[in-house]
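**Q** Protein chains in written order, with this note's numbering: chain S, 1 to 257; chain X, 1 to 262.
By construction, these hints were calculated from the structure, which means they are not laboratory data.
One or more hints might be untrue.
One side of the interface only, derived from the structure: several residues of chain S facing chain X at Cβ under 10 Å [claimed, not checked]:
1) H166
2) R170
3) E188
4) T190
5) T192
6) V198
Where is the CB? At the ideal position from N, CA and C, for every residue including glycine.
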Amino acid sequence: MDRRTSIASFAVGAALLLGAPATWYALQPADTVGDLEVLGLPEATPAEDPGVADTPITGLDAPPAPPTDDLLDPEAARDAAADTTDAASPATSLEYATTPLSGALPDIARPARISVPRIGVDAPIDPVGREPDGAMEIPHDIRRIGWYEPGGVRPGRNGTAVLSGHVDSRSQGRGAFYDLRRLDVDDEVTITHADGDVSTWRVVARTSYGKAEIPIADIFTRSGAPRLALITCGGAFDASTRSYQENVVVYAVPAGS
Amino acid sequence: MKKKLLVGLAAAALAVIPASAAFGDAHDTGQVVIVHGVPGFEADILVNGETSDLTGLEFGDVAVVDLPADSYDLGVAPAGSTDAILAATADVEAGVSYTVAAYLDTNGDPTLGLFVNENDVAGIQPFHLANFVPVSIIADGEIVEGFNSVENGQTARIAISGTVPGVGIGAADSNEPVIELGDVEVPEDQLLLVYAIGPDEGEELPSVEVQAIDVAEDHTPEEVPSGSAGLVSTGLPALVVALMLLGAVAMATPAIAARRRR
Numbered sequence: 001m002d003r004r005t006s007i008a009s010f011a012v013g014a015a016l017l018l019g020a021p022a023t024w025y026a027l028q029p030a031d032t033v034g035d036l037e038v039l040g041l042p043e044a045t046p047a048e049d050p051g052v053a054d055t056p057i058t059g060l061d062a063p064p065a066p067p068t069d070d071l072l073d074p075e076a077a078r079d080a081a082a083d084t085t086d087a088a089s090p091a092t093s094l095e096y097a098t099t100p101l102s103g104a105l106p107d108i109a110r111p112a113r114i115s116v117p118r119i120g121v122d123a124p125i126d127p128v129g130r131e132p133d134g135a136m137e138i139p140h141d142i143r144r145i146g147w148y149e150p151g152g153v154r155p156g157r158n159g160t161a162v163l164s165g166h167v168d169s170r171s172q173g174r175g176a177f178y179d180l181r182r183l184d185v186d187d188e189v190t191i192t193h194a195d196g197d198v199s200t201w202r203v204v205a206r207t208s209y210g211k212a213e214i215p216i217a218d219i220f221t222r223s224g225a226p227r228l229a230l231i232t233c234g235g236a237f238d239a240s241t242r243s244y245q246e247n248v249v250v251y252a253v254p255a256g257s
Numbered sequence: 001m002k003k004k005l006l007v008g009l010a011a012a013a014l015a016v017i018p019a020s021a022a023f024g025d026a027h028d029t030g031q032v033v034i035v036h037g038v039p040g041f042e043a044d045i046l047v048n049g050e051t052s053d054l055t056g057l058e059f060g061d062v063a064v065v066d067l068p069a070d071s072y073d074l075g076v077a078p079a080g081s082t083d084a085i086l087a088a089t090a091d092v093e094a095g096v097s098y099t100v101a102a103y104l105d106t107n108g109d110p111t112l113g114l115f116v117n118e119n120d121v122a123g124i125q126p127f128h129l130a131n132f133v134p135v136s137i138i139a140d141g142e143i144v145e146g147f148n149s150v151e152n153g154q155t156a157r158i159a160i161s162g163t164v165p166g167v168g169i170g171a172a173d174s175n176e177p178v179i180e181l182g183d184v185e186v187p188e189d190q191l192l193l194v195y196a197i198g199p200d201e202g203e204e205l206p207s208v209e210v211q212a213i214d215v216a217e218d219h220t221p222e223e224v225p226s227g228s229a230g231l232v233s234t235g236l237p238a239l240v241v242a243l244m245l246l247g248a249v250a251m252a253t254p255a256i257a258a259r260r261r262r
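Go ahead and model the full structure; you've got the sequences and the hints to work with.
**A** Shown next, in the form of structure tokens:
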């Protein structure tokens, strides 16, 4: 092997060693797009499950007007206000959480079909529940999408309607949500309801949660403004358990909002 | 002039039909709380056009029924009749609790409304179902946050348990109760549905009915498993690893060749 060939071989080898993974990573979509905070959702590594706290515990914000006496003394007024912001200190402050006011249930039929033009999804929707082990049931046919029925959140009613589909399957190949990780802010999602009505949604965020960190209680909520959560699997694949280590979640809101 | 009405909550709770002890199998039934909030007539509840077991309901009556998950045509008819004067379709989902209320809207017209009872957690869920001005919900001398102006046809839930002192209903943005409910005890496993309905004939203020329902079992799943092939794995795919190996071999080849020649 002459010197020139040696150098060329070494250079090509180095380029492959460094360039292959770098190119591959560069082609992967970003883990998070859009603003989760605006949605009141935790970032990819969320804090502890807030449980029932749909809104912050009262007393943390909007302190009541100070007593009239204090108006003459701005410093005392500030102190008084500061006192009420500390939920633990005032004996009169009750601890509670509230949901937003809502009216009668809007007349919305179950979701029957989902279309996401940008990633070529046009799939029928099946109502699903829970597997015996507690996991969300996903339609066995990977071309179909599951709508989580327990809790009864239909797309357009208060709370988050959860739609989940396979990213892939060992026996069937690519699933309906294969390209969910490529969705971006402002992409369009349409839901055809069982009565033929069509609702249009706009993607506002996409992120990826570790399976242990996914904020289940925040996602599967019956409270708050209408929202869609499209979920599939992603992240690194653990071949020994035949499962992915993350969930890709896309959030969408009614297109008009 | 402010007229005060003291409603003994215990008495109100006794006056309603008790919730069925067991919620049945939450996997295939839903719960419906029926409220008769239109004064002046005795009502029969029709299900899919036929008279149900719920007949002769008086203004203020509240009944709780478990129904298999399905779509129902509900109707309210004058007692003894099958001609519904109010009708609505109720899609009952498994594990969900609903309020179906015949009530007066702000024009004083009877209407039939379907609401979700937010029984994920213990607490109090007030419903403004009275032909009455917007109100505030008060607890312990203060307006409950977010409940400063609740309008006819609106509801929301306050997640709280234990003793809630000084619960009342006031005019919008006022923390002075016009209707006092006193101290309310919220059990850890129950949601108190508080319905303001009416006013009854000859009354100025709405009536208040309270119905306790059990907190639903948690409806959320443990996880969302949705892939088993690893096609989109963000771990390095085999092709990339192979290219990297090839690169390493190419880098090492000249050195190995040089050693061999020696």
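**Q** Each hint: holds or not?
**A** Now for the hints, and whether the structure bears them out:
1. H166: 5 Å, holds
2. R170: At 5 Å from the nearest chain X Cβ, R170/S passes the 10 Å test, so the hint holds.
3. E188: 22 Å, violated
4. T190: With a closest approach of 21 Å, the T190/S hint is violated.
5. T192: 17 Å, violated
6. V198: Result: violated, 19 Å to nearest chain X Cβ.
Hint compliance for this structure: hints 3, 4, 5, 6 are not met, and every other hint is.
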